[in-house]
Each structure stands twice: as C-alpha cells, then as structure tokens.
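Chains D and H are the protein sequences, given in the same order. Residues 1 to 94 (my numbering) make up the first sequence, in order. Residues 1 to 416 (my numbering) make up the second sequence, in order.
Honestly, I wouldn't trust all of these hints.
Pairwise CB distance ranges, derived in the manner of DEER restraints [stated by the list, open to error]:
1) H/Lys-407 / D/Arg-26: 19 to 25 Å
2) H/Asp-384 / D/Gly-49: 32 to 38 Å
3) H/Gly-326 / D/Ala-59: 34 to 40 Å
4) D/Asp-23 / H/Gly-65: 28 to 34 Å
5) H/Arg-329 / D/Ala-59: 26 to 32 Å
6) D/Cys-61 / H/Gly-324: 40 to 46 Å
7) D/Pro-27 / H/Asp-384: 40 to 46 Å
8) D/Ala-59 / H/Lys-407: 22 to 28 Å
9) H/Asp-124 / D/Gly-29: 34 to 40 Å
The set of hints was computed from the structure by calculation and includes no laboratory data. Backbone N, C-alpha and C fix where the C-beta goes; we use that ideal spot for every residue, glycine too.
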Amino acid sequence: MRIPCPHCGERDRREFTVLGDADPVRPNGMDADPGAMFDYVYQRTNAAGLHREYWYHGAGCHAWLVVERDTRSHAIIGVKTARDVTLSRRQGGA
Amino acid sequence: MRYSAFSIVSQALRGNRGWRPVWREPQPKPSYDAVIVGGGGHGLATAYYLAKNHGITDVAVVEKGYLGSGNVGRNTTIIRSNYMLDGNIPFYEHSMKLWEGLEQDLNYNAMVSQRGVLNLYHSDPQRDAYARRGNAMRIHGVDAELLDRDRVKALAPFLDFDNARFPIQGGLLQRRGGTVRHDAVAWGYARAADRRGVDLIQNCEVTGIRVEGGRVTGVETTRGFIGARKVGLAVAGHSSRLAAMAGLRLPIDSHVLQAFVSEGLKPLIDIVMTFGAGHFYVSQSDKGGLVFGGDIDGYNSYAQRGNLPVIEDVMEGAMAVWPGLGRVRVLRHWGGIMDMSMDGSPIIDRMPVEGLYLNAGWCYGGFKATPASGFCFAHLIARDEMHPVASAYRLDRFATGAVIDEKGVGAQANLH
C-alpha cells in the first residue's frame with residue numbers, strides 16, 4: 001500500500017501511522033451532552049467501502065492527512081491534508 | 001453415526017464405503033424460533049448449546065459461504081485463559097473447561113492439545129506485571145506458574161536468552177493452555193447441532209434484517225425471507241454491517257490480522273510461546289508447520305489480506321526471540337477480518353431491537369472463546385438474561401464507562 005501525500009508524493013505505507021476514522025467530529029467538551037460524547041468516542045460507522053481516515057506522515061512532512069480509502073480493496077481514492085478538511089468543514093462543506 | 005474405535009474398525013473392514021455425510025443440507029423453512037447468522041465457530045456453538053442446554057431445536061444457522069469459512073479457520077488455534085480482569089477471567093476459564101470436555105461432549109476429535117502457553121518476559125517490570133496477572137488468575141482458580149530463566153531454558157533451550165536488547169528473564173506459563181484443530185471445532189459443533197435438529201443453511205447470505213414495530217421478525221437472505229422470533233448475530237468481522245441493517249452502529253472497527261504457516265518440520269517446539277517484547281507467537285501443528293502471527297495491520301479493512309510491513313514486523317519478532325527460525329521458509333499466509341472493539345473485549349448482549357442479539361467484538365481472541373461464547377450466547381437468546389460468567393460483556397458498557405480494557409489503551413480500536 002502506497003499513500004500519495006499531497007506534499008511528498010506517493011510514499012510507502014511504512015512512513016505513515018494510522019489513527020482511524022476521520023469523520024467523527026469532537027463535540028465541544030463543555031457543552032456536549034454525554035450521548036454526543038459517547039457517540040464521538042466509541043461509535044463507528046466502520047464502512048465496508050469508502051472510509052475517510054487520519055494518517056500521520058511521520059517519516060515525511062509530519063502532516064496529518066485524511067486518506068479516503070476503500071476498505072474492501074485497500075485502494076486509495078483521494079488524500080487531503082487534515083488542515084484543509086477541517087477548514088472546509090468549518091466553512092460548512094464536507 | 002456415533003464415532004468410536006469400533007466404528008473406525010468396522011468401516012475399515014467394509015472398505016470405508018459406509019461413511020455418510022456428516023450433516024444434512026436442508027432447504028430453509030419459512031420460519032424458525034431462532035435464526036443464528038454466521039456459520040462459524042461461535043454461531044455453530046450457539047446453535048448446539050441452544051439445542052443441548054435449552055431444548056430449542058427449531059433453529060437455523062445461516063452462513064453466507066460454507067460452514068467454517070471465516071475466522072474459525074483463519075486463527076492460530078491457540079486456547080488459553082490467562083486473563084487478568086474480573087470481567088474476563090471467569091468467562092475464559094469457563095471456555096477452557098468446555099474445551100477440556102469438548103471432544104467427549106461432541107463425539108468429535110478436535111485434537112485438543114493442552115501443551116502449555118508460555119508468555120516470555122524480558123524485564124523486571126514485565127516480570128512484575130506477569131506476576132500480577134498470574135496471581136489474578138490463581139485467585140480465580142486458574143493455573144499459572146511464573147518461571148525463571150532456567151525453567152524457561154528447560155522448556156525451550158533454542159531461544160535467544162542473551163539477546164542484547166530483549167534478554168529472556170523468564171515466563172508466565174499456563175499449562176492447561178494449548179492448541180485445538182480449529183476446523184474440527186466448526187465441524188464438530190456443526191455435526192452435533194445437526195444431530196439435534198438444527199438446520200445448517202450454507203451459501204445463504206443475510207441481506208437485510210426485518211424489523212416491525214421495534215421487534216425483529218426475520219432476515220432477508222439470498223435464498224429468500226426466513227422468519228424468526230429471535231435472531232442472533234455471530235458474524236465477527238462483519239458485525240457493523242449486520243447491525244447497520246437494523247439501523248444500529250457499534251463501538252467496533254474491522255481490521256485485518258495476518259497469520260502464517262511454515263513448511264513442515266520435525267518436532268521443534270512442544271508449547272505455545274509468545275515473545276514479550278514484540279508481538280509474535282508460535283506453536284507447531286501436528287503436521288509439522290510452525291503456526292505463527294503478530295499484530296493487526298492497524299487500518300480498517302474488510303479485504304482478508306494484509307500488507308508487507310506487518311509481515312516484516314512479525315518476522316523481525318520471530319528472529320529476535322528465536323534466531324534459528326532464519327532458515328525456515330514460510331509456506332503460506334492469509335488474513336482474517338476482526339471485530340476490534342473499543343476496549344478490546346467482546347460483546348454478548350441484547351440489541352436495542354427486541355429479539356435481536358449480538359455476539360461480537362472478539363478482537364483477535366475469538367477462537368479460544370468459541371465454546372463459552374456459544375454457551376453464553378445460547379443462554380442469552382433462550383432466557384433473555386446474560387449468563388453470569390459473561391455478564392460484563394454488555395453493549396452499553398461503553399456508554400456507562402464499565403469498559404473491560406485488559407491492555408489499558410483506551411478507546412482506540414487498533415491498539416487493543
């Protein structure tokens with residue numbers, strides 16, 4: 001498995017560390033009700049198919065990435081930096 | 001036909017032409033009292049104990065492939081009950097006791113071999129941690145022995161005791177642990193369930209769960225609708241997909257775990273041995289192949305195949321503890337899909353849909369649990385109450401905070 005890093009180009013999977021599902025958004029800890037926090041911490045969609053997930057390019061540019069990958073074939077569909085994903089999420093996009 | 005020395009001899013004298021198929025191939029009936037989804041070890045064991053312990057025989061096991069085609073045939077066949085936490089020890093010890101009587105109970109040779117499981121330790125803190133674990137086990141009546149370096153050397157003299165980074169200081173031994181022929185577990189439970197009237201329906205994939213008024217009424221399958229008053233899910237690896245059919249999400253991620261078999265060798269190792277400074281475990285099958293494995297790949301996967309970095313990591317672990325393996329050739333390797341739960345422990349509980357039951361989240365420890373899992377899941381389905389030894393495996397423990405985290409790594413599924 002090779003991951004095309006937006007900064008470094010296509011690199012071996014060994015350069016990266018996976019964190020997991022990138023879709024859950026952390027509720028505001030002070031305002032969140034316990035149900036929302038439980039949902040964020042524990043519940044997962046665990047899709048058989050397209051899955052957006054955080055990877056950290058520790059042996060490269062040190063950027064956090066959001067990799068869109070097919071969990072049935074390991075094929076990588078797209079990669080964005082986590083920063084861009086967060087910024088577009090704040091602007092109301094996906 | 002009951003298997004015995006007599007049946008083998010009498011069949012041999014008649015040219016072995018009298019053996020019959022071990023189970024029927026029934027057509028699905030329109031409805032059952034209970035449908036178990038998943039014809040692996042846990043599902044088949046559940047059906048067997050529903051019939052045997054609770055007299056519920058109007059049961060179907062529906063399996064998308066062939067019986068035992070999933071993780072029951074993809075694990076490294078190890079059984080043990082060397083757990084530390086209260087919620088786990090009684091359950092896994094119950095499983096160990098069921099293993100000890102399994103072959104007589106099923107009238108099936110599952111090659112249960114209590115050859116001992118040895119966990120090596122490589123540092124003083126690790127020795128203390130193992131001493132604590134061993135004490136927890138012994139308080140619960142489970143056998144555990146803390147071995148020093150010399151006693152480990154007597155068991156496995158070929159290990160690299162003076163490794164510069166990870167010298168072997170000793171090990172925690174559970175003599176009652178060992179291995180079981182995993183396919184035979186599926187076949188044995190299947191045969192025994194079939195003989196008690198359970199319908200085993202193969203090549204029948206569940207495509208939907210029908211729920212009416214908050215109550216399950218059956219499952220849609222590739223062979224048509226099958227009605228059921230109760231539906232039990234025992235589909236570890238795919239639990240999230242089945243739960244989604246009922247509109248539910250689970251605290252589970254699916255991950256791929258790889259395992260390996262070497263070429264056949266003369267007897268080398270007569271115990272199950274685990275490396276304590278990395279993740280590597282090995283035993284030798286009766287055919288002579290070394291059966292070994294290590295970590296999961298770490299990313300979500302339904303692909304039943306992994307990647308090379310983990311293979312390299314497993315081989316490095318092997319070489320660090322047992323350099324003699326360097327000349328051994330790997331014959332084959334494969335991957336299985338695990339339910340990695342958020343605390344590393346399983347779930348055997350009702351779901352928020354009436355009549356729907358969940359057996360899931362086995363991480364990569366499901367095989368050793370097979371008998372107790374079926375035993376307790378059958379108890380739950382039949383009586384609508386949790387079995388005492390599985391009472392901690394609640395689905396709502398993640399919301400209440402009563403998680404069972406043996407490894408203490410928190411809600412990070414791929415670290416358990």
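Determine whether the Cβ-Cβ distance between H/Lys-407 and D/Arg-26 falls within the hinted range of 19 to 25 Å.
24 Å, holds
Is 34 to 40 Å respected by the C-beta to C-beta distance linking H/Gly-326 and D/Ala-59?
27 Å, violated
Using the C-beta atoms of H/Arg-329 and D/Ala-59, is the stated range 26 to 32 Å upheld?
Holds, since H/Arg-329 and D/Ala-59 (Cβ atoms, about 30 Å apart) stay within the stated range.
Is the hinted range of 22 to 28 Å satisfied by the C-beta distance from D/Ala-59 to H/Lys-407?
26 Å, holds
C-beta pair D/Pro-27, H/Asp-384: status relative to the range 40 to 46 Å that was hinted:
34 Å, violated
Is it true that H/Asp-384 and D/Gly-49 lie within 32 to 38 Å of each other by Cβ?
35 Å, holds
Cβ-Cβ distance between D/Asp-23 and H/Gly-65: within 28 to 34 Å?
30 Å, holds
Within 40 to 46 Å or not, the Cβ separation of D/Cys-61 and H/Gly-324?
41 Å, holds
Hint check for D/Gly-29 and H/Asp-124 - Cβ pair distance inside 34 to 40 Å:
39 Å, holds
Going down the numbered hints, you'll see the structure goes against 3 and 7, while the others check out.
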